[in-house]
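**Q** The lines below spell out each chain.
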Amino acid sequence: MSPELEKCPRSLLVCEKSNFMNEKSRHDIHVSKHSFNYKISVLIPECAVLPANISGVISNFSPYYLVRDLPVYELLQEKSYETVLQKGTVYAVSYNTKIDEDNSIALLPSVVTLNLRDKTLAPGTKRYQRVLSGLKDRLPLRYDFLFTEHNTGGDEDNSLYNLLSQYKPIEHKAVLSHHTLKNLPCPTLYPSDLQGTTLSCDPHSFLEWLGAVNLDISCENAADSFLSTYICPEPKSSVSQALLCTITGFISPEDVYLLLQELRYDLKHCCRFPERCFLTMTKLYISHKLFFNCTSCAHRKYFDEPKFTPWLSLTVHGFMDSPVSWGATEHGFLKGGENFYNLVCFKNQDYWLHMATGAHDGCPP
Amino acid sequence: MEEPTTFERHVYKNASVYHYMKISLDLENGKRSFSDAQFKQLIISALKELYGEVGAAFPFDLLKFDPSSLKAILRVYNKGLVKLWSALTLLGSYQNEACAFRVIQVSPFLLALSGNSRELQFGESLTS
Amino acid sequence: MVRFKSRYLLCEVCVPERNSLQLLDERAIHHTLRAAVNRAHGDYGSALFNIGVNVKYLNALTGVVFIRCRKAHYRLIWSALPFITHLEDRGQTQNVQCFFNCIHVGGTIKTSQKFLAQYNRQQLHRMLLDCNTDAEKQHVRRALLSCSVGNVKREEADDEEGSDDDDE
Numbered sequence: 024m025s026p027e028l029e030k031c032p033r034s035l036l037v038c039e040k041s042n043f044m045n046e047k048s049r050h051d052i053h054v055s056k057h058s059f060n061y062k063i064s065v066l067i068p069e070c071a072v073l074p075a076n077i078s079g080v081i082s083n084f085s086p087y088y089l090v091r092d093l094p095v096y097e098l099l100q101e102k103s104y105e106t107v108l109q110k111g112t113v114y115a116v117s118y119n120t121k122i123d124e125d126n127s128i129a130l131l132p133s134v135v136t137l138n139l140r141d142k143t144l145a146p147g148t149k150r151y152q153r154v155l156s157g158l159k160d161r162l163p164l165r166y167d168f169l170f171t172e173h174n175t176g177g178d179e180d181n182s183l184y185n186l187l188s189q190y191k192p193i194e195h196k197a198v199l200s201h202h203t204l205k206n207l208p209c210p211t212l213y214p215s216d217l218q219g220t221t222l223s224c225d226p227h228s229f230l231e232w233l234g235a236v237n238l239d240i241s242c243e244n245a246a247d248s249f250l251s252t253y254i255c256p257e258p259k260s261s262v263s264q265a266l267l268c269t270i271t272g273f274i275s276p277e278d279v280y281l282l283l284q285e286l287r288y289d290l291k292h293c294c295r296f297p298e299r300c301f302l303t304m305t306k307l308y309i310s311h312k313l314f315f316n317c318t319s320c321a322h323r324k325y326f327d328e329p330k331f332t333p334w335l336s337l338t339v340h341g342f343m344d345s346p347v348s349w350g351a352t353e354h355g356f357l358k359g360g361e362n363f364y365n366l367v368c369f370k371n372q373d374y375w376l377h378m379a380t381g382a383h384d385g386c387p388p
Numbered sequence: 003m004e005e006p007t008t009f010e011r012h013v014y015k016n017a018s019v020y021h022y023m024k025i026s027l028d029l030e031n032g033k034r035s036f037s038d039a040q041f042k043q044l045i046i047s048a049l050k051e052l053y054g055e056v057g058a059a060f061p062f063d064l065l066k067f068d069p070s071s072l073k074a075i076l077r078v079y080n081k082g083l084v085k086l087w088s089a090l091t092l093l094g095s096y097q098n099e100a101c102a103f104r105v106i107q108v109s110p111f112l113l114a115l116s117g118n119s120r121e122l123q124f125g126e127s128l129t130s
Numbered sequence: 530m531v532r533f534k535s536r537y538l539l540c541e542v543c544v545p546e547r548n549s550l551q552l553l554d555e556r557a558i559h560h561t562l563r564a565a566v567n568r569a570h571g572d573y574g575s576a577l578f579n580i581g582v583n584v585k586y587l588n589a590l591t592g593v594v595f596i597r598c599r600k601a602h603y604r605l606i607w608s609a610l611p612f613i614t615h616l617e618d619r620g621q622t623q624n625v626q627c628f629f630n631c632i633h634v635g636g637t638i639k640t641s642q643k644f645l646a647q648y649n650r651q652q653l654h655r656m657l658l659d660c661n662t663d664a665e666k667q668h669v670r671r672a673l674l675s676c677s678v679g680n681v682k683r684e685e686a687d688d689e690e691g692s693d694d695d696d697e
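Protein chains in written order, with our numbering: chain A, 24 to 388; chain B, 3 to 130; chain C, 530 to 697.
Think of the hints as simulated: they come from the structure by calculation, not from any bench.
Each hint should be verified, as a subset may be incorrect.
[As the list claims (entries may be wrong)] Calculated lysine to aspartate or glutamate pairs in the EDC-like style (CA-CA distance at most 16 Å, straight line):
1) K121(A) / E10(B)
2) K370(A) / D216(A)
3) K205(A) / E69(A)
4) K42(B) / E27(A)
5) K121(A) / D167(A)
6) K191(A) / D167(A)
7) K50(B) / D572(C)
8) K259(A) / D216(A)
9) K47(A) / E10(B)
10) K81(B) / E27(A)
11) K81(B) / E29(A)
12) K370(A) / E69(A)
13) K73(B) / D239(A)
14) K600(C) / E27(A)
15) K73(B) / D28(B)
[Claimed, not checked] Restraint-style ranges between C-beta atoms, simulated for each label pair:
16) D125(A) / L92(B): 21 to 31 Å
17) V13(B) / V198(A): 33 to 43 Å
18) E10(B) / K639(C): 57 to 67 Å
19) A646(C) / F249(A): 45 to 55 Å
20) P94(A) / A102(B): 51 to 61 Å
None of these values were measured; they are calculated from a predicted model.
In this text, a Cβ means the ideal position worked out from N, Cα and C, and glycines have one as well.
Sequences and hints are given; from them, build the entire structure.
**A** This is how it looks when you write it as structure tokens:
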């Protein structure tokens, strides 16, 4: 009727399919370039209890610091510059700012509008002086910042903390919460069919379903329901239980990568000796009637009954108000600030990667 | 042994048929109890007022409704997004009580609504 | 130069009794239209109705109405027409049952007028078939010729199987 009422902003979704063992696989690059991660959500079908190794990895996540009223020039002081920034594993993003108001600041390890690792920006040079005085005298910006740093395990681990100590940083740990979902309708996925032309459902339906699971939205609706007609996409099967685990905070890409490795490891070893695992587990199940480890192949299992998960999903949400999504690709909020990726890992080490950003943002890599 | 997986990459532009909206309702005199059907009826009446019987004739879903906070998640076909959004914006009263819909987040991906970093709040209990 | 493009909706108002056409006036039509657009398209429709919609011409004898509206949203007005069931007039107490039959949508008044002439001709041809006797045909012819407006006379006389001398 009125064409101007029926327009809507564009949407962009990039889907990739590959194998973790593939030499050219770029999953590690995609993960490491997504610098400002706010939330991780892991969904493991046919699993009731959070495996110990996974919770171990999560509890080892680097802490992050909230620093209030930090002057921006402080980040560029010679001391901080040399001890922390040059190492290139520090991430900082301004907190409680809105990107659409043009007041967000983020510090990337490699690329910034102000390239901190640029040689010309070495302390002492003219350009450095100019930038510093600009931020110090002309434009004394102060923001609340969130900092995190990848823990390399060396002695200098506290350098970031020491640097910030005069601004009274508050240390936070990423918050882990998990719960088990019962009798979940679940789409059936086939690793070979990413586009959902024949076997699986299409990527948008899958992401919709995943969102519904994360937001606790019911899929049980009649076609003539007044309220909602949303149903789980076809083809589907019912999963007796599934584990949904979310971690919120400021998470460095290195930590995300470690978690991904651990999830892959478990998934892989679940299926390497399925028969052996199966037998031992059944025995153990009878004797202990409790959660157990599979002893024959020495790997911890997801199951408290002999069922195997064909896939698991890892979703990583970026900060909506981060100025960049991947690498130095520009990102804005506009109406939703979507900035996330989702990895579906299959038993045979195939994976699907879905990457999405907002309407006016740069295309994901 | 299966064949090794080949690399595939697809870029979907405007392939999503739906948009999802996270909204909340503010009432002048504080909260009052709403059922989910009443809430949807309120939105439909807002649509009818602004776009009439013909203009409001498009489907949308109330995916989730939280009666305590009056927050809801809607799903609407792309075609109806502008109409729905504008009708929500222009609704001014409910049963002679001033009210307003706040649109918190709109996205073509439902998944994006589950990770809203603006909800990150620091309670005092987290300090160490 | 920028000009606003218009669309002219040529409509026939159909009423159960022919003499009630006399009750039509432009204000009543405008009012009825506005009410119909408001019901079908709400406040948004009313707002668009307020810009650029007016009743250009009304023939209370034949029930022909020209409605002018902006080209950008003529569909909106157009789509509301079938929902009209009676004339709503504030002044008059009686409601006239009617429906609007939109017979043409044109870009200018001229094309619409041409269409109207052609349409009337067609109608006449159709109705002449109902004349069973020569006497009836003669009666129609006389009625046509007695029309005082020259243009009407000329055009409609043409229709009468070319037997007329009134070409000019």
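**Q** Are the hints correct? Go through all of them and say.
**A** Okay, the hints, checked on the actual structure:
{"no.": "1", "hint": "K121(A) / E10(B)", "in the structure": "violated (36 Å)"}
{"no.": "2", "hint": "K370(A) / D216(A)", "in the structure": "holds (15 Å)"}
{"no.": "3", "hint": "K205(A) / E69(A)", "in the structure": "holds (10 Å)"}
{"no.": "4", "hint": "K42(B) / E27(A)", "in the structure": "violated (25 Å)"}
{"no.": "5", "hint": "K121(A) / D167(A)", "in the structure": "holds (12 Å)"}
{"no.": "6", "hint": "K191(A) / D167(A)", "in the structure": "holds (12 Å)"}
{"no.": "7", "hint": "K50(B) / D572(C)", "in the structure": "holds (9 Å)"}
{"no.": "8", "hint": "K259(A) / D216(A)", "in the structure": "holds (15 Å)"}
{"no.": "9", "hint": "K47(A) / E10(B)", "in the structure": "holds (12 Å)"}
{"no.": "10", "hint": "K81(B) / E27(A)", "in the structure": "holds (10 Å)"}
{"no.": "11", "hint": "K81(B) / E29(A)", "in the structure": "holds (4 Å)"}
{"no.": "12", "hint": "K370(A) / E69(A)", "in the structure": "holds (14 Å)"}
{"no.": "13", "hint": "K73(B) / D239(A)", "in the structure": "holds (14 Å)"}
{"no.": "14", "hint": "K600(C) / E27(A)", "in the structure": "holds (14 Å)"}
{"no.": "15", "hint": "K73(B) / D28(B)", "in the structure": "holds (9 Å)"}
{"no.": "16", "hint": "D125(A) / L92(B): 21 to 31 Å", "in the structure": "holds (28 Å)"}
{"no.": "17", "hint": "V13(B) / V198(A): 33 to 43 Å", "in the structure": "holds (34 Å)"}
{"no.": "18", "hint": "E10(B) / K639(C): 57 to 67 Å", "in the structure": "holds (60 Å)"}
{"no.": "19", "hint": "A646(C) / F249(A): 45 to 55 Å", "in the structure": "holds (52 Å)"}
{"no.": "20", "hint": "P94(A) / A102(B): 51 to 61 Å", "in the structure": "violated (38 Å)"}
When held up to the earlier numbered hints, the structure conflicts with 1, 4 and 20 and fits the remainder.
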